[in-house]
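Chains as they are written, first to last, in full-length UniProt numbering: chain F, 1 to 374; chain R, 1 to 374.
Please keep in mind that the hints were generated in silico from the structure rather than gathered at the bench.
Please read these numbers as outputs of a predicted model, since none were measured by experiment.
We put the CB at the ideal spot given by N, CA and C, even for glycine.
Mixed in with the good hints there might be a few duds.
Unchecked claim - As a list, the in silico BS3-like pairs of lysine-lysine whose alpha-carbon atoms are at most 27 Å apart:
(1) R:Lys-182 <-> F:Lys-269
(2) R:Lys-210 <-> F:Lys-269
(3) R:Lys-182 <-> F:Lys-181
(4) R:Lys-181 <-> F:Lys-269
(5) R:Lys-269 <-> F:Lys-73
(6) F:Lys-319 <-> R:Lys-72
(7) F:Lys-269 <-> F:Lys-182
(8) F:Lys-182 <-> F:Lys-72
(9) R:Lys-120 <-> R:Lys-210
(10) R:Lys-181 <-> F:Lys-319
Claimed, not checked - Cβ pair distances, simulated, as ranges:
(11) F:Ala-245 <-> R:Asp-23: 47 to 55 Å
(12) R:Gly-361 <-> F:Asp-239: 34 to 42 Å
(13) R:Glu-37 <-> F:Asp-239: 54 to 62 Å
(14) R:Asp-121 <-> F:Gly-208: 19 to 27 Å
(15) F:Asp-356 <-> R:Gln-242: 44 to 52 Å
(16) R:Lys-236 <-> F:Asp-239: 49 to 57 Å
Stated by the list, open to error - Pulled from the structure, derived: some chain F residues nowhere near chain R, Cβ distances all over 10 Å:
(17) Glu-37
(18) Asp-230
(19) Ser-274
(20) Ile-279
(21) Glu-285
(22) Val-293
(23) Lys-297
(24) Arg-305
(25) Met-326
There are 2 protein chains.
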Amino acid sequence: MAAENRGWFYVKVPDASEPRAQDIYELRVLPMPVVEEGMILVKKTMIVVAPMARTYLEIPNFDTKTEKLGLKKTQLNQPGKCESVGIVMESKSKKYKLGDRVLLPFNDLLEYSVHRDDGKDSEFGPPLKVFDFVRTETQLTALSPGAGLTAYCAMNHPCGRVEEPLCSGGLLSCFKGLFQKKPQKTVLITSAAGAVGTIAGQLYKRKGCKVIGVTGTREKADQLLNFGYDAAIAYKTEDMDQQLAQLAPEGIDVFMDNVGSHQLDIGTKHMNVSGKVVIVGCMSEVDRFGHEVHGYKGYLHVAARELTVGGFLVYNHVKEIPLAIMSMAWMLQSGAVKPAATVVEGSFEGWAKTVDAMMSGATFGRLLLNLAKS
Amino acid sequence: MAAENRGWFYVKVPDASEPRAQDIYELRVLPMPVVEEGMILVKKTMIVVAPMARTYLEIPNFDTKTEKLGLKKTQLNQPGKCESVGIVMESKSKKYKLGDRVLLPFNDLLEYSVHRDDGKDSEFGPPLKVFDFVRTETQLTALSPGAGLTAYCAMNHPCGRVEEPLCSGGLLSCFKGLFQKKPQKTVLITSAAGAVGTIAGQLYKRKGCKVIGVTGTREKADQLLNFGYDAAIAYKTEDMDQQLAQLAPEGIDVFMDNVGSHQLDIGTKHMNVSGKVVIVGCMSEVDRFGHEVHGYKGYLHVAARELTVGGFLVYNHVKEIPLAIMSMAWMLQSGAVKPAATVVEGSFEGWAKTVDAMMSGATFGRLLLNLAKS
Chain F
1 MAAENRGWFY VKVPDASEPR AQDIYELRVL PMPVVEEGMI LVKKTMIVVA
51 PMARTYLEIP NFDTKTEKLG LKKTQLNQPG KCESVGIVME SKSKKYKLGD
101 RVLLPFNDLL EYSVHRDDGK DSEFGPPLKV FDFVRTETQL TALSPGAGLT
151 AYCAMNHPCG RVEEPLCSGG LLSCFKGLFQ KKPQKTVLIT SAAGAVGTIA
201 GQLYKRKGCK VIGVTGTREK ADQLLNFGYD AAIAYKTEDM DQQLAQLAPE
251 GIDVFMDNVG SHQLDIGTKH MNVSGKVVIV GCMSEVDRFG HEVHGYKGYL
301 HVAARELTVG GFLVYNHVKE IPLAIMSMAW MLQSGAVKPA ATVVEGSFEG
351 WAKTVDAMMS GATFGRLLLN LAKS
Chain R
1 MAAENRGWFY VKVPDASEPR AQDIYELRVL PMPVVEEGMI LVKKTMIVVA
51 PMARTYLEIP NFDTKTEKLG LKKTQLNQPG KCESVGIVME SKSKKYKLGD
101 RVLLPFNDLL EYSVHRDDGK DSEFGPPLKV FDFVRTETQL TALSPGAGLT
151 AYCAMNHPCG RVEEPLCSGG LLSCFKGLFQ KKPQKTVLIT SAAGAVGTIA
201 GQLYKRKGCK VIGVTGTREK ADQLLNFGYD AAIAYKTEDM DQQLAQLAPE
251 GIDVFMDNVG SHQLDIGTKH MNVSGKVVIV GCMSEVDRFG HEVHGYKGYL
301 HVAARELTVG GFLVYNHVKE IPLAIMSMAW MLQSGAVKPA ATVVEGSFEG
351 WAKTVDAMMS GATFGRLLLN LAKS
């Protein structure tokens, strides 16, 4: 085992419009943490590369109030945050043994970390053991809060839902509902080839929806047809507005947006009256937080068509996570849903460079940095 | 009675960013309509001056789909639309007598019009007789779909509501709710001195809320304290952002927005997590439909704080109107709510000039053009 620990620290408030991880973070050497009774030492073996690492930084004069929903912001001179799977290197707990794989859902960007086996040092409880039959990639895609579980919970959000909860309209309408054929709903998903989109497409397809995705390239758009999508638009080379008019002349009923700005505007233009938009992310504006913002110009349609737009943040849905895990695990086991990931081999000290290289948008599914071979 | 009829017709698609009524509409002379059996002839005596007259124009390449919610767009070379009260000048119906006052909720901008007493020529049914004890000004403020009834229904929209419907959480929570003291909600209303705002302030106050308004001038802001508002901000001379921080350090729970763009952005910045925004109007962008749009830049907070933003259009709530009228009439009778209007004397042929003069934002409450003395 290494004699010392390392961590990526948030050292510079981003001032450019598209800051690089290499400019914001700095690698620091730290003493190895001490493993006390009832604790385990974990070494990260696979790290999720996601905009999260940049979005959740504390930026002066930009209070998003997300802390109140359970998300802790990274302060200057604190380690960055990430989702990861690690391996138990030392155990002073009866609950974990050497070599166990554990999920660290929202954790410090340190190579080694210690965790109490009673979970009292984390709002997520003790590190979750990864089941033997679940691959590390699958854990960090379909079964991770930032990907598959977000897709699952956002689809069950009032603004992401394609069907009302059972018996919400009373016993009679519940009874009627069992025998009534419901009209097919049309769903639009942006960043369809991303960590959330690749799972969301499959989940909506299972609900009987017509699912349309938006992604960067035609190559990725074609791949999406294997992930629940009926059709996909390559926005970099195709006119999203024209394509939507052709692909969904009936209009969009539910829109799961991960991108914001232009794509949110164009999607909204094609919404049906009384339609619903669930905003899961604002990837296109993530780096501009506090700087110049394009905004949601399509909001004029929100009033004119009585749309409902709901924000979704998975940290506000911790109570729903156990059911989401059970449902997703069942669908994975039965083959009803499959994970999508791009795994890059690398090292812990190469993290920032890898992040910047992987953020070009050329990858498919969740982006994972594998440290196991380094 | 006049030998001929007159009407204001939509003749030019607006191309400037702030078009004047005089540029878009033209006064035309028409033959007097023929009164057939079962019909009445009505002469307008008071017309509502509202942005509606401009918003609801058919503009090429700008499909708002509002028609599907029941609102009929005005085509080029059709008469404009307005809300008005008129007087029955000729009656071939047993249901109406000469001199009856009738409400025409969304009607052609003609001096004289004929209406069937069975209502088969209007989506709003037959002209509604104004009760003897209701003044014309009160009918067109508190009891009109575009003002008081919009305020009432928007407050009962899921995104405008400050309390959940009785028993929505089941019998036990309903029982508990009867005995539980609920924390006070803070409500923000923009265009507080407008037709909707002057009523909405009083309605939210009756629900026990702390109500904060935004209007143009300090003079109007002071007047608002007589219309349910606990405090009001004069945005033209005061910093809305700073004022909100001082007046509502606890944060905003419900935001009824009639203005859009900057005021919507600033209000959203002060929203509490899981807060709700009901968009009733976009007055600041109304004249820019299809042109340059500022947009909703505060939508980044919608995701970060899990806000829900709902559009409201009264034409989608026709079923709720009878209950709204009953409730509002009761509150008016008991003095619990009072109407606010600015009445200007004028003539039918002076309509466009009066509209342009009255749109400066210097008036308080609903703007009414009285033709009775012309």
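Consistency of the hints with the structure:
| no. | hint | result |
| --- | --- | --- |
| 1 | R:Lys-182 <-> F:Lys-269 | violated, 39 Å |
| 2 | R:Lys-210 <-> F:Lys-269 | violated, 36 Å |
| 3 | R:Lys-182 <-> F:Lys-181 | violated, 41 Å |
| 4 | R:Lys-181 <-> F:Lys-269 | violated, 43 Å |
| 5 | R:Lys-269 <-> F:Lys-73 | holds, 18 Å |
| 6 | F:Lys-319 <-> R:Lys-72 | violated, 45 Å |
| 7 | F:Lys-269 <-> F:Lys-182 | holds, 24 Å |
| 8 | F:Lys-182 <-> F:Lys-72 | violated, 42 Å |
| 9 | R:Lys-120 <-> R:Lys-210 | violated, 44 Å |
| 10 | R:Lys-181 <-> F:Lys-319 | holds, 26 Å |
| 11 | F:Ala-245 <-> R:Asp-23: 47 to 55 Å | violated, 32 Å |
| 12 | R:Gly-361 <-> F:Asp-239: 34 to 42 Å | holds, 40 Å |
| 13 | R:Glu-37 <-> F:Asp-239: 54 to 62 Å | holds, 56 Å |
| 14 | R:Asp-121 <-> F:Gly-208: 19 to 27 Å | violated, 42 Å |
| 15 | F:Asp-356 <-> R:Gln-242: 44 to 52 Å | violated, 39 Å |
| 16 | R:Lys-236 <-> F:Asp-239: 49 to 57 Å | violated, 42 Å |
| 17 | Glu-37 | holds, 38 Å |
| 18 | Asp-230 | holds, 23 Å |
| 19 | Ser-274 | violated, 8 Å |
| 20 | Ile-279 | violated, 4 Å |
| 21 | Glu-285 | violated, 6 Å |
| 22 | Val-293 | violated, 4 Å |
| 23 | Lys-297 | violated, 4 Å |
| 24 | Arg-305 | violated, 5 Å |
| 25 | Met-326 | holds, 24 Å |
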